[in-house]
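> Those sequence lines, one after another, are chains A and B. Per my numbering, residue 1 is the first one in the first sequence, and the count goes up by one each step. Per my numbering, residue 1 is the first one in the second sequence, and the count goes up by one each step.
Bear in mind the hints are in silico, worked out from the structure with no lab data behind them. Note that the Cβ used here is the ideal one computed from N, Cα and C, for glycine as well. Be aware that a few hints might be false.
Derived BS3-like pairs (lysine-lysine); straight-line CA-CA distance at most 27 Å [said to hold, decoys possible]: (1) A:K110 x A:K221; (2) B:K241 x A:K229; (3) A:K229 x A:K143; (4) A:K237 x B:K241; (5) B:K304 x B:K324; (6) A:K339 x A:K251.
Simulated restraints, written as ranges between beta carbons of each label pair [as the list claims (entries may be wrong)]: (7) A:Q3 x B:S343: 42 to 52 Å; (8) B:P320 x A:A135: 47 to 57 Å; (9) B:D64 x A:G243: 57 to 67 Å; (10) A:Y75 x B:P383: 55 to 65 Å; (11) B:S343 x A:E223: 41 to 51 Å; (12) B:R263 x A:A73: 56 to 66 Å; (13) B:G211 x A:G242: 40 to 50 Å; (14) B:T14 x A:P292: 55 to 65 Å; (15) A:Q241 x B:D64: 54 to 64 Å; (16) B:V232 x A:R50: 13 to 23 Å; (17) A:G226 x B:S343: 33 to 43 Å; (18) A:E223 x B:I221: 17 to 27 Å; (19) B:T260 x A:G226: 36 to 46 Å; (20) B:G211 x A:L219: 29 to 39 Å.
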Amino acid sequence: MGQLLAIEVIYRGVFQKTLAKNITRGIVLAAHNEGKLGISFGRYGDAPERNGIPAKSFAIVANDEQTLEAGMAQYEPKQVDLTVVLDDTLCKGTESWAWYGLQPVHRALKPGHTLIVISLDDAPALLKNIHRREAPYKLGIVKGVTSFSGMWVYKDDHTDVRILGAIAKALPALFSLESVEQFINEKLKNSLKVTSARTAFERFTTVDVRAGQGNPEDLFKFELPGWEKMRDAVSIKGQPQGGPYADPVTKEVGGFRPARNERFKKYSTRTQRPVVNFSTCTKCTLCWLDCPDGSFDVTPDGTYDANLESCCGCGICEEVCPVKDCVTMVNESEFHDNKSPWAEFRKDKDAYLKWLETTIEKAEPIEKRSHGFRYRGQYQEQVPEALAVARKG
Amino acid sequence: MATLTLPVEERKKTQEQEALITGAEAIAIACKLANVDVVTAYPIRPYDTVMQYISQLVADGEMDCEYIVAEGEHSQFEIVKHASICGARVFCGSSGVGWMYAMEALTVSPALRVPMVCMVGNRALDDPGAFGVEHNDALAVRDLGWLLTWVDSAQEALDTALIAYRVAEDRRIFVPLAISCDGAFLTHSQALVKIPAAEQVKKFLPRYDRGDLLLHPDNVISVAPQANEDWVMEIRRQNYKVTEVACDVIREVYADFERTFGRKYGNPFFEEYMTEDAEVVLLGMGTLSTPVKVAVRKLREEGKKVGFVRLRWFRPFAGPEIAKCLERFKAVGVIDRDFSFGSPDLSGVVATEVRSAMYSSSSTRPPVICFIGGLGGREVTVPDVETMTDVVFQAAKGKAQPLTQWIGLRG
Numbered sequence: 001m002g003q004l005l006a007i008e009v010i011y012r013g014v015f016q017k018t019l020a021k022n023i024t025r026g027i028v029l030a031a032h033n034e035g036k037l038g039i040s041f042g043r044y045g046d047a048p049e050r051n052g053i054p055a056k057s058f059a060i061v062a063n064d065e066q067t068l069e070a071g072m073a074q075y076e077p078k079q080v081d082l083t084v085v086l087d088d089t090l091c092k093g094t095e096s097w098a099w100y101g102l103q104p105v106h107r108a109l110k111p112g113h114t115l116i117v118i119s120l121d122d123a124p125a126l127l128k129n130i131h132r133r134e135a136p137y138k139l140g141i142v143k144g145v146t147s148f149s150g151m152w153v154y155k156d157d158h159t160d161v162r163i164l165g166a167i168a169k170a171l172p173a174l175f176s177l178e179s180v181e182q183f184i185n186e187k188l189k190n191s192l193k194v195t196s197a198r199t200a201f202e203r204f205t206t207v208d209v210r211a212g213q214g215n216p217e218d219l220f221k222f223e224l225p226g227w228e229k230m231r232d233a234v235s236i237k238g239q240p241q242g243g244p245y246a247d248p249v250t251k252e253v254g255g256f257r258p259a260r261n262e263r264f265k266k267y268s269t270r271t272q273r274p275v276v277n278f279s280t281c282t283k284c285t286l287c288w289l290d291c292p293d294g295s296f297d298v299t300p301d302g303t304y305d306a307n308l309e310s311c312c313g314c315g316i317c318e319e320v321c322p323v324k325d326c327v328t329m330v331n332e333s334e335f336h337d338n339k340s341p342w343a344e345f346r347k348d349k350d351a352y353l354k355w356l357e358t359t360i361e362k363a364e365p366i367e368k369r370s371h372g373f374r375y376r377g378q379y380q381e382q383v384p385e386a387l388a389v390a391r392k393g
Numbered sequence: 001m002a003t004l005t006l007p008v009e010e011r012k013k014t015q016e017q018e019a020l021i022t023g024a025e026a027i028a029i030a031c032k033l034a035n036v037d038v039v040t041a042y043p044i045r046p047y048d049t050v051m052q053y054i055s056q057l058v059a060d061g062e063m064d065c066e067y068i069v070a071e072g073e074h075s076q077f078e079i080v081k082h083a084s085i086c087g088a089r090v091f092c093g094s095s096g097v098g099w100m101y102a103m104e105a106l107t108v109s110p111a112l113r114v115p116m117v118c119m120v121g122n123r124a125l126d127d128p129g130a131f132g133v134e135h136n137d138a139l140a141v142r143d144l145g146w147l148l149t150w151v152d153s154a155q156e157a158l159d160t161a162l163i164a165y166r167v168a169e170d171r172r173i174f175v176p177l178a179i180s181c182d183g184a185f186l187t188h189s190q191a192l193v194k195i196p197a198a199e200q201v202k203k204f205l206p207r208y209d210r211g212d213l214l215l216h217p218d219n220v221i222s223v224a225p226q227a228n229e230d231w232v233m234e235i236r237r238q239n240y241k242v243t244e245v246a247c248d249v250i251r252e253v254y255a256d257f258e259r260t261f262g263r264k265y266g267n268p269f270f271e272e273y274m275t276e277d278a279e280v281v282l283l284g285m286g287t288l289s290t291p292v293k294v295a296v297r298k299l300r301e302e303g304k305k306v307g308f309v310r311l312r313w314f315r316p317f318a319g320p321e322i323a324k325c326l327e328r329f330k331a332v333g334v335i336d337r338d339f340s341f342g343s344p345d346l347s348g349v350v351a352t353e354v355r356s357a358m359y360s361s362s363s364t365r366p367p368v369i370c371f372i373g374g375l376g377g378r379e380v381t382v383p384d385v386e387t388m389t390d391v392v393f394q395a396a397k398g399k400a401q402p403l404t405q406w407i408g409l410r411g
C-alpha cells in the first residue's frame with residue numbers, strides 16, 4: 001500500500017460547515033497538484049445543520065487509487081495525520097449526538113502529529129481544556145477569531161487558506177506551500193489569499209505536548225445497549241420528575257431540580273454559558289420559564305441556577321433577564337468545570353461575586369456576542385478586527 | 001328450547017347466530033365482538049363497505065367506539081397508530097391507492113410496535129381508475145414488518161379478524177396486521193356466516209395490554225425519538241425477532257380458536273384441497289379459490305390428479321412448511337393476482353417467494369410456473385384454470401414451459 005494521509009477538521013455546525021468543506025476541498029485539490037488523489041467528505045451522521053453542534057469534515061489523500069480506496073473503505077478515518085479545530089471552545093471535547101460520550105479533540109490524532117487550533121489564546125490556556133493523553137503530540141495555533149467564513153453572507157476572511165498554509169508547514173508529506181499557492185491561483189483566483197497562505201506558513205510554529213499534559217478531567221462515557229437489552233417500540237423511558245435538593249451550607253432542603261437524561265450532556269454544544277449574579281436576582285422566574293431546555297434548577301433559596309450538564313448556551317436567559325448584569329453569557333473557554341455556580345455562591349458569597357465581576361468583564365457586550373448577527377452591519381465592523389489579529393499573527 | 005325465549009341481545013351474548021352477510025360486514029361484526037375502541041375511516045372502494053357497516057353498528061347502539069372520519073388515509077392510519085400506543089384496540093383499513101397514500105404511517109408502525117388490525121379491500125392501483133381486485137396494494141408492505149393474511153370467505157374473514165387481534169396484540173408480536181379481502185368477490189358478496197357468541201369471544205380475546213410501552217401520564221415514555229446509525233440496526237433486529245416467532249404464535253392462536261369455537265382451519269398457513277394423491281398443484285391467494293376448486297373437481301372427474309393449495313398467510317411466509325408441502329408434487333402452478341415487474345423470471349410476487357422457499361428448503365425443487373391473471377378484477381374462469389393445469393402437467397412431464405405466463409389476456 002502506498003502513502004495514505006487523513007486530515008480531520010472539527011467545526012461547529014452549521015456556522016462553520018462551509019468553511020470546513022472549503023478547507024478539506026482545498027487539501028484535496030492542493031495535493032492533487034502534486035499528482036495525488038483524494039476525497040473530501042463530511043460526517044453525515046453528525047447532522048451538521050444543527051446549531052452549534054460539534055461536527056467533522058475529512059480529507060483523505062493517497063498516492064494511488066488502491067490506497068485511496070483502502071482509506072475510503074471505512075466510514076471515517078480511525079487515525080488521522082493532522083487535526084484542525086476551527087473553534088477553540090471545541091478544545092473541551094466533542095460529542096455529536098449522544099453516541100459515545102465526550103471525546104477528546106485529539107482522539108484520532110496519530111502520536112507525534114499536529115493539532116492545529118484557531119484561537120487568540122496561547123498553548124498553556126488551550127491545554128487547560130484539551131484533555132491529556134498518553135501519546136505526545138504537537139500543538140500549533142493559527143491566531144484568529146472563530147470564523148464563519150463562507151456561510152451565507154459572511155465575508156471570506158482567508159481562514160481557509162491560512163489553515164492550508166499552516167498544514168503545508170505541519171505536514172509537508174501532504175503538499176508543499178507551492179501546491180497550495182497553485183491551488184489558490186488556479187481555483188480561487190485571488191492573489192491576496194496567496195499572501196495569507198504564505199504568511200500563515202511562515203509564522204506557523206508548534207509546541208510539543210508531553211504525554212499526560214493537559215486537562216485531567218475524566219471523560220464522560222456510556223455504553224450503547226445491545227438489541228436485546230434495549231426497550232422496544234422505539235421508546236425511551238421518561239425521566240423521573242426530580243425534586244428538592246440540599247443547600248450545600250445550611251443543608252436546608254428545598255427548591256426543585258428536574259431529573260435529566262443521563263446520557264445526553266450538552267457540554268460540547270456550548271460556546272458560551274450564563275454567569276448568574278444570585279445576589280441581584282429578583283426571582284422573577286423568566287430565565288427558568290423561557291429556557292428552551294429546562295436547564296435551570298430552582299435553588300432552595302428560590303433563585304435559579306443554570307445546570308451546566310443541560311445548558312446548551314443559547315443565551316435566551318440573558319436576553320429575558322430584566323436585571324442589569326444578573327445573567328451574563330461568557331465565552332465557554334473561560335471555564336474549566338461544570339460545577340454548580342450557585343453551590344459556589346453559597347459556600348463563599350464574596351469570593352463568588354468577586355469572581356463574577358472579573359469574569360463578566362471578559363464578556364463582550366451582548367449586541368456583539370451571538371451565533372449570528374444582532375444588528376445590520378455587525379459583521380462588517382468585525383472584519384477589520386479579525387484582519388488586525390491575522391496581520392499580527 | 002327454553003333459550004329461544006331469551007331476548008335477541010341475550011342470545012347474541014351466549015349463543016352462536018347465523019346471518020347472511022358480506023365479507024366486509026363480517027369484519028365489522030368481528031370489530032364489534034372484539035370491542036374495538038377506536039375506528040378511523042376514509043372512503044375508498046371496496047374497503048368503504050366495512051366503514052359503512054361499522055358506522056351502522058355504532059348508530060344502532062350495538063357498538064361503542066370512537067369512530068373518526070379522517071381527512072385522508074394518511075391521517076386515518078396515523079390516528080389509529082397513536083390511539084394504539086395509548087392503549088386502544090383499533091381498527092382501520094383502506095384499498096388500492098388509498099392504502100398507498102397512507103404509506104408513511106404504514107412504514108413506521110411496525111418499528112413502533114403498533115398492533116393495529118386493518119382490512120385491505122384489495123384493489124388495483126390506479127391509474128387507470130380501476131377498482132377491481134389486485135393484490136399489489138397490500139403486498140407493498142410485505143418487507144416492512146407487517147403481518148399479511150388473505151381470506152377467501154366471509155366466515156374466514158370474521159374468524160381471521162378475531163384471530164388477528166389475538167396475534168397482533170400478543171406481546172411477542174405487537175406489529176400491525178392486514179387482512180386482505182378481494183374487492184367485490186368477498187367484500188360485496190353475501191354468504192351465510194356463523195357469528196360466535198360475545199361471551200366466547202371475550203374468553204378467546206383478552207384485553208389489549210401494552211404494558212410498559214403504554215403512552216400514559218402514569219407511564220412516562222417518549223416514542224420515536226431521533227436516532228441514527230447508532231441505534232437503527234438494533235431497532236430493525238427487534239422487528240426481525242417478531243418474524244422469527246410469528247409462525248409459532250399464529251399456530252398457538254389457531255389451536256386456541258379451534259378449542260374455543262370448534263371451527264377447524266387445520267394448518268393455519270395454507271389450505272390444501274385434494275392434494276393427497278395429486279401429481280401437480282395450483283397455488284394462489286384469496287377468492288380465486290372458488291373457480292380453482294370447481295375446476296379441480298372437474299379435472300379430477302377427467303382423471304387428472306390435480307390439487308390446490310391456498311395460501312392464507314403471506315407474512316410470515318411459512319417457507320419450510322410450504323416447501324415441504326410442494327415438494328410432494330411433480331410441478332406447481334402459482335396463480336399471481338399481482339405483478340412484480342422486472343423480478344426474476346418476470347414472475348409475480350407469490351411465485352417468486354415460493355421459488356425462493358423451495359430453493360432453500362426443498363431438495364427436489366419441482367418446476368414452479370407462474371400464471372399472472374385476474375388483474376384489475378378480471379374473472380379467473382374455470383377454463384382458465386384448466387389451461388393452467390394443462391401447462392403444469394406438461395411441466396411435470398419434463399417438457400420445458402415458459403416460467404411466467406399471462407392468463408385471460410386478450411391476444
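> Could you run down the list of hints and mark each one as holding or not?
Verification of the supplied hints:
1. A:K110 x A:K221: holds, 22 Å
2. B:K241 x A:K229: holds, 13 Å
3. A:K229 x A:K143: Status violated; Cα separation ~48 Å.
4. A:K237 x B:K241: Roughly 22 Å between the alpha carbons, so the hint for A:K237 and B:K241 holds.
5. B:K304 x B:K324: At roughly 22 Å apart (the allowed maximum being 27 Å), B:K324 and B:K304 satisfy the hint.
6. A:K339 x A:K251: holds, 18 Å
7. A:Q3 x B:S343: 42 to 52 Å: holds, 47 Å
8. B:P320 x A:A135: 47 to 57 Å: Once the Cβ atoms are compared, 55 Å apart, the range 47 to 57 Å for A:A135 and B:P320 holds.
9. B:D64 x A:G243: 57 to 67 Å: Roughly 41 Å apart at Cβ, these two residues miss the hinted range, so it is violated.
10. A:Y75 x B:P383: 55 to 65 Å: The hinted range 55 to 65 Å holds for A:Y75 and B:P383, with Cβ atoms some 59 Å apart.
11. B:S343 x A:E223: 41 to 51 Å: holds, 43 Å
12. B:R263 x A:A73: 56 to 66 Å: With Cβ atoms ~58 Å apart, the hint holds.
13. B:G211 x A:G242: 40 to 50 Å: Given range 40 to 50 Å: violated, Cβ gap about 25 Å.
14. B:T14 x A:P292: 55 to 65 Å: holds, 59 Å
15. A:Q241 x B:D64: 54 to 64 Å: Hint violated: Cβ distance 35 Å, outside 54 to 64 Å.
16. B:V232 x A:R50: 13 to 23 Å: holds, 18 Å
17. A:G226 x B:S343: 33 to 43 Å: holds, 36 Å
18. A:E223 x B:I221: 17 to 27 Å: holds, 21 Å
19. B:T260 x A:G226: 36 to 46 Å: holds, 39 Å
20. B:G211 x A:L219: 29 to 39 Å: Holds - the Cβ-Cβ distance for B:G211 and A:L219, about 36 Å, lies within 29 to 39 Å.
In summary, the structure is inconsistent with hints 3, 9, 13 and 15 from the numbered list given earlier, while agreeing with the others.
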